[in-house]
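Chains as they are written, first to last, in numbering that gives the first Met the number 0: chain V, 0 to 456; chain D, 0 to 456.
Derived from the structure by calculation, the hints contain no laboratory data.
Heads up, a few of these hints could be off.
Copies of the same chain look alike in the list, so a pair counts if it fits in one copy or across any two.
[Stated by the list, open to error] Subject to a maximum C-alpha distance of 27 Å in a straight line, what follows is the list of computed BS3-like cross-link-like pairs (lysine-lysine): (1) K418 x K241; (2) K31 x K285; (3) K14 x K285; (4) K31 x K241; (5) K224 x K14; (6) K285 x K224; (7) K285 x K241; (8) K31 x K14; (9) K31 x K224; (10) K14 x K256.
Protein chains: 2
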Amino acid sequence: MSPQRRLDVVLDSVKRLLRIGASANLLNLLQKQHPADLADVLNQLPDSDCRGALGLLLDHNSRLAMEALIEYGAEPGADLLEGYPPERIALWLNELPSDDAAALIDELPDGLSEAVLERMRPQESGEVENLLEYSEQTAGRIMNPTVFALSEDLTAGEAIQALQGSREVEMVFYLYVVDERRHLVGVVSLRRLLLVAPETPLQRIMTTDLITARVDTDQEEVAQKVANYNLLAIPAVDEANKLVGIITVDDVIDIIKDEATEDIYRLAGVSGDEHVFTPARESARKRLPWLAMNLVTATLAAFVVRAFQGTIDQVVVLAVLMTIVASMGGNAATQTLTVIVRGIALDELTWANSRRALLKEAIVGLGNGIVLGVVGALVAWPLSGSIFLGLILALAMVINILVAAVAATLIPIALRAMKVDPALASAVFITTLTDVFGFFAFLGLATLFLDYLNQAA
Amino acid sequence: MSPQRRLDVVLDSVKRLLRIGASANLLNLLQKQHPADLADVLNQLPDSDCRGALGLLLDHNSRLAMEALIEYGAEPGADLLEGYPPERIALWLNELPSDDAAALIDELPDGLSEAVLERMRPQESGEVENLLEYSEQTAGRIMNPTVFALSEDLTAGEAIQALQGSREVEMVFYLYVVDERRHLVGVVSLRRLLLVAPETPLQRIMTTDLITARVDTDQEEVAQKVANYNLLAIPAVDEANKLVGIITVDDVIDIIKDEATEDIYRLAGVSGDEHVFTPARESARKRLPWLAMNLVTATLAAFVVRAFQGTIDQVVVLAVLMTIVASMGGNAATQTLTVIVRGIALDELTWANSRRALLKEAIVGLGNGIVLGVVGALVAWPLSGSIFLGLILALAMVINILVAAVAATLIPIALRAMKVDPALASAVFITTLTDVFGFFAFLGLATLFLDYLNQAA
Chain V
0 MSPQRRLDVV
10 LDSVKRLLRI
20 GASANLLNLL
30 QKQHPADLAD
40 VLNQLPDSDC
50 RGALGLLLDH
60 NSRLAMEALI
70 EYGAEPGADL
80 LEGYPPERIA
90 LWLNELPSDD
100 AAALIDELPD
110 GLSEAVLERM
120 RPQESGEVEN
130 LLEYSEQTAG
140 RIMNPTVFAL
150 SEDLTAGEAI
160 QALQGSREVE
170 MVFYLYVVDE
180 RRHLVGVVSL
190 RRLLLVAPET
200 PLQRIMTTDL
210 ITARVDTDQE
220 EVAQKVANYN
230 LLAIPAVDEA
240 NKLVGIITVD
250 DVIDIIKDEA
260 TEDIYRLAGV
270 SGDEHVFTPA
280 RESARKRLPW
290 LAMNLVTATL
300 AAFVVRAFQG
310 TIDQVVVLAV
320 LMTIVASMGG
330 NAATQTLTVI
340 VRGIALDELT
350 WANSRRALLK
360 EAIVGLGNGI
370 VLGVVGALVA
380 WPLSGSIFLG
390 LILALAMVIN
400 ILVAAVAATL
410 IPIALRAMKV
420 DPALASAVFI
430 TTLTDVFGFF
440 AFLGLATLFL
450 DYLNQAA
Chain D
0 MSPQRRLDVV
10 LDSVKRLLRI
20 GASANLLNLL
30 QKQHPADLAD
40 VLNQLPDSDC
50 RGALGLLLDH
60 NSRLAMEALI
70 EYGAEPGADL
80 LEGYPPERIA
90 LWLNELPSDD
100 AAALIDELPD
110 GLSEAVLERM
120 RPQESGEVEN
130 LLEYSEQTAG
140 RIMNPTVFAL
150 SEDLTAGEAI
160 QALQGSREVE
170 MVFYLYVVDE
180 RRHLVGVVSL
190 RRLLLVAPET
200 PLQRIMTTDL
210 ITARVDTDQE
220 EVAQKVANYN
230 LLAIPAVDEA
240 NKLVGIITVD
250 DVIDIIKDEA
260 TEDIYRLAGV
270 SGDEHVFTPA
280 RESARKRLPW
290 LAMNLVTATL
300 AAFVVRAFQG
310 TIDQVVVLAV
320 LMTIVASMGG
330 NAATQTLTVI
340 VRGIALDELT
350 WANSRRALLK
360 EAIVGLGNGI
370 VLGVVGALVA
380 WPLSGSIFLG
390 LILALAMVIN
400 ILVAAVAATL
410 IPIALRAMKV
420 DPALASAVFI
430 TTLTDVFGFF
440 AFLGLATLFL
450 DYLNQAA
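Produce the entire structure from the sequences given, and follow the hints as far as they go.
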């Protein structure tokens, strides 16, 4: 049975058990699921069912319920918690790793989050408050501050004993080694520990060439480091190189997914935090500014057409053909823009090699422009009944596609140099630019050769 | 010094040392770099320098050179190897894990790859050939077949001894337990092994509730499992549940990045395997079909306009305003399409909840359509000098944005149901659809009310 199929069966059972009120059976079923699967189930249940199932689980297995909420996402997860009294939420949050607790608390309404923090165990709330002091989207904000570290003057055997005596800590496969003031001095793998004689000093077997993340590093940069160097975790250090936390690869995967989503969204004029099931009112409000900007730029394009209204009045078929020029330019620009923006995001494109990229895109634009221009002319000829008009269309298409390629390369590179997210040069702007320029090139050329056109017509 | 800054310094030094021919210094510098950093350097060097630096490293530290090539990417990496004699390539490939070797060999020209396989060590070439028998983009193709497994009748102490005696294997933190015919029966963590008494049987401490990947599973599904369940690796099993390989989280990260790139690209009509520095001729050839399709659909839109040529002839300002309707519909559609396609990719949107998504998008479309329609009317009024024309514009905009939202939701969901990649419903098609429909709605309405318009004008 495929995972999706299995989940559908679980979902149907949950719905049925909720309907007939078979709480004991429902609880039994829910408890058998992995938190990630529970999150999927919550996501697909209608709102009231979702709250019902979660409430049952919170009452009887709050640890699992909270883990499911974390997988469900901090923002919608916090929404589901809002109705509960702060002392209960505090109790539940005590059981979570503090990075997960911080993510949820951060999304609670201000009054509630304060009430919850006051009621948590002092150590847990202290850790959460520390994390929340770091800026959003930095290493400090996403790290787990509970990190197992070994003192540098232990032997391998003592290290294994220390590990055996430690309470549960997240993912111990890199063992970080610190000096007496908790400065990070090395790392040793669990496997290495097993392979050497117990009396070997840690200092002899540890690696000192460490890849670390400063707490104030942007999370995207952290993710790139972990991905590039194929790490399972990266230690977070403060400005004095003291070990303060650990960021594990599962968090990095979430970041990589989120950043990819953000890039895809920005190119389309959608804000990064929208989801399929963001409430309609909120979605509409978030998308409206982009559409409003497009209305402004589309009006600009309309003004360009209006400037040539006299020409269109004489040769009305121009209105038919001008849309082809604009549409082709827009699509060629979107292709170039996407490759360039993604290349920047993946660090393939840098300032140093941007000239090479520009040259390439210009050649591609010119090449495809000529091919499509010729075909376009052959289409326009019968459509307009004038071979001369076909030639003007071809010329305008070549110019517009070439301009589109150059603009769609330069604008994101320039934005990146100005430290603005290049994906903000969204398709909305670039395609309007190609509309404006396409109308201008085509109608301008037509106006220039108006006498010939009138003779031909 | 930021990582990017440090790399720029290395890059400049490499260029300088190549220019003055200081091979010993250059080799020294290159050998100090991480394979991932070397790959970045190779990527940013001009082609001849890139081959020069790589050649030097292949001569003196072929293991590091090959690891850098893997990070550089199998396709461009294989390009760089092509000039060398097959016996040397075979020697170098022997040193790589067989999944990496297979990835490179797969990208070599057919004749060369056969010659190389013949010259590799029998065990290595056998492993590579086995991997290449699995379909592309499946678990079998990307797994590492060298996986450390423990026999189920060992004790914890014996297991640690077995581990100490094993040659280097990839990432041993999950220890898989197999029966005498290598069926996968359980997993035990390295940490757990250390915490129990040496005489404890593995069967008592192993987890039997295993998450596995069948060799024929699509790599995207494998990646989703590893990401959802926060795994560091997933065992690959054949149809009889025999353990045949392991897929580690670093490979999963690469898959997630590649799939995100593919989604972004497809939405824009770019094929998944294009990079910023794909040669111009190849890029142009790959993008041309999408543009050609767009030319067909844009011509369709032009025919719609042509059908109303008579109306435009009488009220020429319609040609000015019609572009606003089409452009707004196109952008609203792109927003919806992006959210829906990404929601499907991230498994947030399923068949079960698609009605909810459709309802939401329809409400968003209607809401934003009305707001923008009103503003659009206020813009069109002075632009056209007719309040009546403004009203027609508003009505056409509301209709077109609503249709755009519904089409951009339904088409990808339908494609998904037909097991076609929903991202193929690229913006190219959806925006042409909104062009066609926008022109039709606006010019159609204008024709309907032509008498009023003529009176007003």
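Status of each hint after checking the structure:
1. K418 x K241: neither (29 Å within a copy, 51 Å between copies)
2. K31 x K285: neither (39 Å within a copy, 48 Å between copies)
3. K14 x K285: neither (33 Å within a copy, 48 Å between copies)
4. K31 x K241: between (41 Å within a copy, 25 Å between copies)
5. K224 x K14: Between copies, since 24 Å is at most 27 Å while 43 Å is not.
6. K285 x K224: neither (32 Å within a copy, 32 Å between copies)
7. K285 x K241: neither (41 Å within a copy, 51 Å between copies)
8. K31 x K14: within (16 Å within a copy, 59 Å between copies)
9. K31 x K224: Cα proximity of K31 and K224: across copies only (17 Å, versus 36 Å in one copy).
10. K14 x K256: Classified as neither; 30 Å inside a copy, 35 Å across copies.
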